[in-house]
Amino acid sequence: MSAPPKSAPPTLALVNVSKAFGAVRALQDVTLELHPGEAHALAGENGAGKSTIVKTFAGVHRPDSGEVRVDGEPVVFAGPADAQRAGVAVIYQEPTLFPDLSVAENIFMGRQPRTGLGRIDRRAMHAATAELFTRLGVDLDPRRPARGLSIADQQVVEIAKAISRDARVLIMDEPTAALTGQEVARLFTVTRTLCEQGRAVLFISHRLEEIFALCRRVTTLRDGALVATEDVAGLTDDDLVRRMVGRDLDALYPKQDVTPGEVALKVSRLTREGAFTDVSFEVRRGEIVALAGLVGAGRSEVARAVFGVDRWDAGTVEVDGRTLPPGSPTAAMAAGIALVPEDRRQQGLVMDMSIERNMGLTQLRSLRRASRRGPLLSRRVERDRAADWAVRLQLKYARLSDAVGVLSGGNQQKVVLAKWLATEPAVLIVDEPTRGIDVGTKAEVHRLLSELAARDLAVLMISSDLPEVLGMADRVLVMHEGRLTADIARADATEETVMAAATGRPAERAA
Amino acid sequence: MSPVTAVAVKKSGPARGGDSGRRLVDLVLRARELSIFGALVVLVLATTIANPRFLSEQGVKDIFLNASVLALLAVGQAMVVVTRNIDLSVGSVVGLVAFVTGDFASGGDHNVVLVVLLGMLIGAACGLVNGLLVSLCRVPALVVTLGTLYVIQGLDHSIAHGRQISASDLPSSMLALGNDSVLGVPYLPIITVVVMLLIGYYLRSYSSGREFYAVGSNPEAARLAGVRIARRVLTAYLVSGALAGLAGVLWLARFGTVVADAAHGWELKVVSAVVVGGVAITGGVGTVWGAALGALLLTTIGSVLVVLKVNSFWQDAITGLLLLLAISVDRLLAVRVTRALRMRNRSSADAAPPAPPAPGKEGVRDGAR
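Same order as they appear, the protein sequences are chains D and F.
First residue of the first sequence: 61, per the working numbering; consecutive thereafter.
First residue of the second sequence: 70, per the working numbering; consecutive thereafter.
FYI, nobody ran anything at the bench for these hints, they're computed from the structure.
Just to be clear, a hint being listed does not mean it is correct.
Facing chain D, from chain F, some residues (calculated, C-beta under 7 Å) [said to hold, decoys possible]:
#, residue
1, 173
2, 226
3, 227
4, 230
5, 276
6, 289
7, 293
8, 294
9, 295
10, 299
By construction, the Cβ of each residue, glycine as well, lies at the ideal position given by its N, Cα and C atoms.
Extracted from the complex, chain D is given alone in its bound form (with noise of 0.2 Å):
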């Protein structure tokens, strides 16, 4: 558990590295050294910048400045296939393979063993096949399809893969999210496997307690930018939430004081097999309650549900003391439901339709019944409305016939809003807001919500950005593995208190 010695360089680098996507700065003078033997986490919370680090060492992205370097040599990776040949093998979270074709061919495409005449060597692909399976000790057979491989066994074909590359480092990101506890154990096991080889590993895991298990040092980012490298070694579970979080709260969340009204959303008991269980709690008029909790929880799962989109299987939803049936947004919408979604661009727009048209989607009874003309809408009306709107909100946009596909993120988010208040609901639910929005944007998102809030909606608010959670919410939810693990009040919220709740510590003070 020490340091590794100063002579042999880093096999992989990056030095002061920056990289920035329009406004939004991704990295900031970010220096990451990945020595040989050495199993490497990197921590942070979502947006800090750790994916755009594994796209950097795959020769997705190019730094701004800084640079990488491979054995401390420097060098430029054009592409993802420079990467791999310099020996950066990225393993996904959901890896990508090809499903009709054999476990052998999809680990050796492109560089299958040959005879003289150069048609392949089946029976050398697969006792080669084999012979990866057996050093990594997985049972599968190199001829089946992988099609229907579980998660955790597409994993362990894309780590053949990367050794039959002899891929010296291997990058995985978040690979244990989707796998059982036995078998992370079995990815642990094959992970030592290849640092004893000489190999270097980057771990990104949420689970804290993985990273103590496997690695020997880690990183920590915030904000894109670098908080500490240090051996895992002496280090507490605390100490890690604390370099992950510790910042301080700025000015920028004016969730304005209300009395809570009258309950709006009631959900009790709500489990939906497989994505979340046993989950109860209510929203009142003139409340914004954040649901919080790591990415894959369950909080949309949530929200799709009490919306309608997906069936649950036991529980109830009540919106003012009316009780919905399962699996209908048509009721959702008519109880006064509104679901601002955590994709805008699949599931909240239409990106070639114009702002107007986008805005009048959730309206189109009304303006059926403006025109007076039958089954006809009147596009004065829907023109009318979303210019109306597109005031109320500061809408910045040249013609509201433009296509919404080419405003930006927070004015496009501004539009599926104003499509969503259009319907006067009595509970709005908005997912990851301000995912992907500039900083000044993100304040009038903010101080709209606190707006609407004011004016006695009911607001859930899905968030992984844990500052505005604190900032904006009366109130927050935690989710953990599907459960709902705290409910804290604004007073006694803080990131520590949070970020236990969301990684399934014991809380340190009762929620």
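Once you've looked at the hints, dock chain F against the given chain D.
Then chain F, alone, in the frame of chain D:
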């Protein structure tokens, strides 16, 4: 690490689980070819019982002659479909090539090989246009080849200008290609079988051949694996076009008399043959043998209907039904197989706890053999 884990691996070693897995997969892969073959046998037997003259030497020869052109097209089409694309222009290419080469051949006593090469060249040129538009310009294949279908058809009509090529104008060597045989086997099926074997062997046994399957199975994974996707797709279209050109010359040789709309509407017949033959329309799965068998089955059904004096209008309906049946069976099989493969994972995962790889573990490796 511990002897316990080594024993556990040995007990549920890959030898056992692996074999049953391979058997299942092989069975599924071969099932399609086998079931088409079975259907063919049943069809032929039943028809022969109803009308013994069906299996006469001439009857069989006719079926193979008729199937040759369709099977040739199906082989090229299979290559395109495996890459998750489609080539609807083949029918028009056959028509164009049959007419142009017929015009050329009747203009002088050219060598047959020269005529064949000209035909394949024209076909390949059409394939090149398709391939470039699909692979480089990234226009959806359905739209591109639908467009070239009409363009080539128009070109054919404007060149033909109402004329027709008749057998009496053609040199005898040309007609001999279509009607003569070696050792009782006509040239046409021989050509088709040779082409099929060559392409099938290439796709199965060569690294670049496997890449066609990779592209169709998961384009994103293919890109990450360094497969040159554009090149493979372009090649598939070139081959499909060249084979359509060859098919055009064979069409000319077989029928002698050619008008501008020869092989009109055949593209759908070809696609049906390919799908019935087990090539997944979503790419990545299937063989050229399967496609050729599919073509043989469709042709045989046509002949059977004639022999049984069933109205020929039924032929299209039956082809359609067969297509629907094939796709439904595929879907059902895919779901079943995926489930079966998943189930096996689970049982093998339960049976084999993680075994640590360690140097000098020959015992474990022996267990694997």
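Hint check results:
Taking 7 Å as the C-beta cut-off, the interface hint given for residue 173 of chain F is violated, the closest approach to chain D being about 37 Å. Taking 7 Å as the C-beta cut-off, the interface hint given for residue 226 of chain F is violated, the closest approach to chain D being about 38 Å. This hint is violated: residue 227 of chain F has a C-beta 38 Å from the nearest C-beta of chain D, more than the 7 Å allowed. Because the smallest distance between the Cβ of residue 230 of chain F and any Cβ of chain D comes to about 44 Å, over 7 Å, the interface hint for this residue is violated.
Annotation: interface hint on residue 276 of chain F holds; nearest CB of chain D at approximately 5 Å, less than 7 Å. The restraint placing residue 289 of chain F at the interface with chain D holds, with a minimum CB-CB distance near 5 Å, inside the 7 Å limit. The restraint placing residue 293 of chain F at the interface with chain D holds, with a minimum CB-CB distance near 6 Å, inside the 7 Å limit. At its closest, the beta carbon of residue 294 of chain F sits 5 Å from a beta carbon of chain D; the interface hint therefore holds under the 7 Å criterion.
A cut of 7 Å between beta carbons decides the hint on residue 295 of chain F: the least distance to chain D is about 6 Å, and the hint holds. Interface hint at residue 299 of chain F: violated, since its Cβ lies 15 Å from the closest Cβ of chain D, which is beyond the 7 Å cut-off.
Going down the numbered hints, you'll see the structure goes against 1, 2, 3, 4, 10, while the others check out.
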